[in-house]
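Undergrad: Now for the letters of each chain:
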Amino acid sequence: MIKGDDDMKLKTLAMAGALTMAACAAQAEVKVGMITTLSGGGAGLGIDVRDGFMLAIEQSGRSDIEVIIEDDQRKPDIAVQLADKMIQSDKVDVMTGIIWSNLAMAVVPGAVAQGKFYLSPNAGPSALAGKGCNKNYFNVAWQNDNLHEAAGAYATDETFLNAFIMAPNYPAGQDALTGFKRYFDGNIAGEVYTQLGQTDYAAEIAQIRDSVADHVFFFLPGGMGISFLKQYADSGVKKPLIGPAFSFDQGILQAVGDAALGVKNTSQWNKDIDNPTNAAFVASFQEKYGRLPSLYASQGFDTGNLLISAVESADVADQDAFRAALEAADFNSTRGDFAFGNNHHPIQNIYVREVIKEGDVYTNKIVGTALEHHADAYAPECKM
Amino acid sequence: MSLILFIEQMLNGVQFGVMLFLMAAGLTLIFGVMGLINLAHGSLYMIGAFAAAWVAGMSGSFVLALIASLAAAAAAGALIELTVIRRLYDRDHLDQVLATFALILIFSEGTRWLFGSFPLFLEIPPYLSGPVTLPGGIEYPLYRLAIIGVGLLVAAGLFALIARTRIGIQIRAGEADREMIAALGVNISALYTIVFALGAALAGLAGALIGAIQSVQVGMGEPVLILAFVVIVIGGIGSIKGALVGAILVGLTDTLGRVLLPAVFAQFMAPQAASSVGSSLASMSIYILMAGVLVMRPSGLFGKA
Amino acid sequence: MRREPLLNAAVFLGLLAAVLWAKAMDEPFTITLATRVAILALAGVGLNLALGLGGLVSLGHAVFFGIGGYAMGILASHAQSYSPLIEWPVLIEGTKSMPVIWLVAMAASGLAALGIGALSLRTSGVYFIMITLAFGQMFYYFAISWPAYGGEDGLSIYVRNGFPGLNTLDPIQFFAICYVILGLALWLFSRLSRSAFGLALGAARQNAERVMAVGIAPYRLRLVAFALSGVITGLAGALFADLNRFVSPTMFSWQTSGEIMVFVILGGVARLFGPVVGAAVFILLEHVLGGLSEFWHIYLGAVLLVVVLFARGGIIGLIAGREVRHD
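Protein chains in written order, with the UniProt record's numbering: chain A, 1 to 384; chain B, 1 to 305; chain C, 1 to 327.
One chain only, chain A, in its complex shape (with noise of 0.2 Å):
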């Protein structure tokens, strides 16, 4: 209940913020267009980047930057008309927001193609990455791949022999186990894919039981990881468990219980992660929203910071100039260091993580670094 009123409270005060600023458009010297999900199944992952890069241009306290948000229930043709709205009418300079790949993949393309410059807080296609890379996307999370790979360094590190890995039939499930394999370094005991928006995973975890698999490598983001990680909790099976941290988020993680402690998972960010930026962010936000931040907050606050750095030293009119301010990534990030490849993807630590309980709390925290100073698969690829 206190969740439903803190989200119509947080709406109404963008809403405000939003009106103000247009109240002043005169000074408003960058205008960003944030399209992301807020409303039906995926809108968690929406409302905590949003939250994050308010909070980013909030603390900055700059009146100059004027952002507009739209919802886009998590539809490709949703989200293709906000972003024709805000390029043809609206006028942004630049846009961000977008959670899904599918919706990255209908949006970007055409975005960067009209001269907008697009900043991703979370999705990461592939097709971006390499031959579709483009000068004007950055892409300020991951590549897809890259959680994946960690995970699969992380069980060779751990020497374990027999994979069993699994991901729902799509394209992202598919880039996951690609991933997986890329860096591990044993043999694949089982590969399986199951079907997206799958709840029940009983035949599965008896073919994990039934496998020669030392562990189980698993990519079943939202809902789906759910119902899997308490279903194999209660199956009595021991194999451990490994994933990226889609399926161990902070929003996650309480609807899960019990059934995720212990389980190591990989991500780029954890709330510990020790520096001043950080320690700052997750008290910041813990204050401001109730709640702690996920990693999806993290990539929106980086968001809105990079894009704070670059409104700071480079006009957003001088494209030349406001890009080369967002390639040098001249801000504080909640990751520590923070540099962009040839590809405008991120170079970055990727950590394990443990779920504990912090009191009442399930949440994370880092045992061990998988990948030291990681850049993608496709950089190579990417002539700009």
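Keep in mind the hints are simulated off the structure, nothing from the lab. Bear in mind that the values here come from a model prediction, so they are computed numbers and not experimental data. Note that beta-carbon positions come from the ideal geometry of N, C-alpha and C, so glycine has one too. A hint or two may mislead.
[As the list claims (entries may be wrong)] If you want the ones that stay clear, here's a sample from chain A, every Cβ over 12 Å from chain B, calculated: (1) Gly61; (2) Gly130; (3) Thr159; (4) Gly223; (5) Leu229; (6) Asp234; (7) Ala259; (8) Glu372; (9) Ala375; (10) Ala377; (11) Pro380.
[Said to hold, decoys possible] Distance condition first, Cα-Cα at most 30 Å in a straight line; then the derived DSSO-like pairs of lysine-lysine: (12) A/Lys383 x A/Lys31; (13) C/Lys96 x A/Lys383; (14) A/Lys239 x A/Lys365; (15) A/Lys288 x A/Lys239; (16) A/Lys91 x A/Lys131; (17) C/Lys23 x A/Lys31; (18) A/Lys357 x C/Lys96; (19) A/Lys383 x A/Lys135; (20) A/Lys288 x A/Lys181; (21) A/Lys357 x A/Lys31; (22) C/Lys96 x A/Lys131; (23) C/Lys96 x C/Lys23; (24) A/Lys239 x C/Lys96; (25) A/Lys365 x A/Lys181; (26) A/Lys31 x A/Lys131; (27) A/Lys91 x C/Lys23.
[What the hints assert, rightly or not] Selected chain A positions facing chain B (Cβ under 7 Å, derived; list incomplete): (28) Ala43; (29) Asn169; (30) Gln195; (31) Asp200; (32) Ala203; (33) Asp210; (34) Val212; (35) Lys230; (36) Gly236; (37) Gln254; (38) Gly257; (39) Leu261; (40) Gly262.
Based on the hints, put chains B and C in the right spot on chain A.
TA: For chains B and C alone, kept in the frame of chain A given last:
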């Protein structure tokens, strides 16, 4: 694949089927008695799961949570029957589809407004958690066996209700000739409210039971709703027996398809491609089954033509 | 004088007026919205043929919408990458020409509608609703997991396809194309509904036995209506893909089928302009309510509910009276 694993997968298929039956029973009951297509049945399932998660979170008792799910879903069901649904009985299916589609929108976003955008926590009670060893050495989760038990109890209860009780006689009479039993002094509108609330309560119970091993989130009802429709259409709409048979058929087809098809394709394809192609076909398998049944028997297996 | 023809003319000219106003005010996004209305209305006109004239409640029209979309996506993506579509037995290249794409889209969706219709029309009532839904789900899952054309990520086409003599990238010229096609489809619908075929179809909807008694097979009538309906909705799918310069499996989802049906019912089933009014009101609601609250689906649901419960015959029925309703 070993014989033991195959038997375990058959069991999984039956178990998945029983889960679908819990959802489909209320849907087919409502259709059979009132001739109403209720797309909002999935919302009642969601309401049951949310009520259970909320009460379990407050009280820590799974039994209380189940009672809450029954009560909340029945109350929501009675409320929409009195305000909206009863105006739809003599409308065509088109109006029913649109009106109950509108109810889905209202319930889904209303729930998100109340409980927020993040999934809720609901867990299996300690006395039902963990696996038990079945004859033949199969380790099987106790909770899933309990779901099979509840599903069979619900089926038996519904058969008994319709065959043995006074309300069952009225229901059957109402299906056969609505005017006649109204003329005999049965309060038909009260009867319909009761039947609708009963169907809703079954959906709520299913939501709570299944919510303990799945994700309790907004929109959880829609995928199950479509499967439940597939089930009752295969079985023949309005038939409880059809729903049970249809549910088990769908459960087995889906589970065995997921397991066997990739294995079949692996005989002549690379593992990754085989898994992907097999899984695509498996996700279409139940719809192919349904189309096949309807082409052969246009009113389902046990439907009245 | 009946009010409906007047209303129809007002709606049709109103859409054009809105676009001309937007052009004068330099509001290109309003033109995009109006184009969207025209295209979705076209999809609705297709469904209205099956639903309104034939009484065939199809919850699977997203199949044809999606096939039309993918016809555009596949042909244009091959043209974009200069890779042939098929090399054997004959070489077939992709294309960026709208008229060719439309023909392919209509042929493919018409064939699909013939196949699906031939099987589905053996059933009736709820079974028909559900079997069409089942076909929709089959195509949806297939499109998601079929990797050749992007799977769930869909396909982006970077430049809108061309039409001889026009600059399709100009919003108003693309709108003009869609508007003319919508007009033609409406003309076709009105001719059909008054033709011998349309009358027989309507008679079969009301009383199949009587039609059979005079020697007409309702099954064939319905199959032809269903296939035509698929052709029109498929064309709308190809235009929709061109509007967004993007196709994805969402076009096949059951929500898309539901939305097309909502346009028709909201405006008025079997009314010539039902889908146009329905699509316009729906897009307007989405646009206005979406700005009011994060939870705008609640209001949308409430509006739909009120229309179903209290405005039988849809919005047109509310304004123009119910004389067209036959049941």
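Undergrad: Would you mind marking each hint as holding or not holding in the structure?
TA: Hint check:
1. Gly61: holds, 29 Å
2. Gly130: holds, 20 Å
3. Thr159: holds, 23 Å
4. Gly223: violated, 4 Å
5. Leu229: violated, 9 Å
6. Asp234: A/Asp234 is in fact no farther than 12 Å from some Cβ atom of chain B, at 5 Å.
7. Ala259: violated, 8 Å
8. Glu372: Holds, because the least Cβ-Cβ distance between A/Glu372 and chain B comes to about 29 Å, which exceeds 12 Å.
9. Ala375: holds, 25 Å
10. Ala377: A/Ala377 is indeed farther than 12 Å from all Cβ atoms of chain B, at 17 Å.
11. Pro380: holds, 23 Å
12. A/Lys383 x A/Lys31: holds, 28 Å
13. C/Lys96 x A/Lys383: At roughly 26 Å apart (the allowed maximum being 30 Å), A/Lys383 and C/Lys96 satisfy the hint.
14. A/Lys239 x A/Lys365: holds, 21 Å
15. A/Lys288 x A/Lys239: Roughly 40 Å separates the two Cα atoms, so the pair is violated.
16. A/Lys91 x A/Lys131: Cα-Cα ~28 Å, so holds.
17. C/Lys23 x A/Lys31: holds, 23 Å
18. A/Lys357 x C/Lys96: violated, 57 Å
19. A/Lys383 x A/Lys135: The given pair, whose Cα atoms are some 9 Å apart, holds under the 30 Å limit.
20. A/Lys288 x A/Lys181: violated, 41 Å
21. A/Lys357 x A/Lys31: Distance of about 41 Å is beyond 30 Å: violated.
22. C/Lys96 x A/Lys131: Holds - the C-alpha atoms of A/Lys131 and C/Lys96 are around 22 Å apart, at most 30 Å.
23. C/Lys96 x C/Lys23: At roughly 27 Å apart (the allowed maximum being 30 Å), C/Lys23 and C/Lys96 satisfy the hint.
24. A/Lys239 x C/Lys96: violated, 52 Å
25. A/Lys365 x A/Lys181: Distance ~25 Å between A/Lys365 and A/Lys181 Cα, so the pair holds.
26. A/Lys31 x A/Lys131: holds, 29 Å
27. A/Lys91 x C/Lys23: holds, 16 Å
28. Ala43: holds, 4 Å
29. Asn169: Given a least distance of 4 Å, the restraint on A/Asn169 holds.
30. Gln195: holds, 4 Å
31. Asp200: holds, 5 Å
32. Ala203: holds, 5 Å
33. Asp210: holds, 5 Å
34. Val212: Constraint on A/Val212 not satisfied, violated at 13 Å.
35. Lys230: holds, 5 Å
36. Gly236: Holds: closest Cβ of chain B sits about 4 Å from A/Gly236, inside 7 Å.
37. Gln254: holds, 6 Å
38. Gly257: With a minimum Cβ separation of about 5 Å from chain B (threshold 7 Å), the hint on A/Gly257 holds.
39. Leu261: violated, 12 Å
40. Gly262: violated, 16 Å
The earlier numbered hints that this structure contradicts are 4, 5, 6, 7, 15, 18, 20, 21, 24, 34, 39 and 40.
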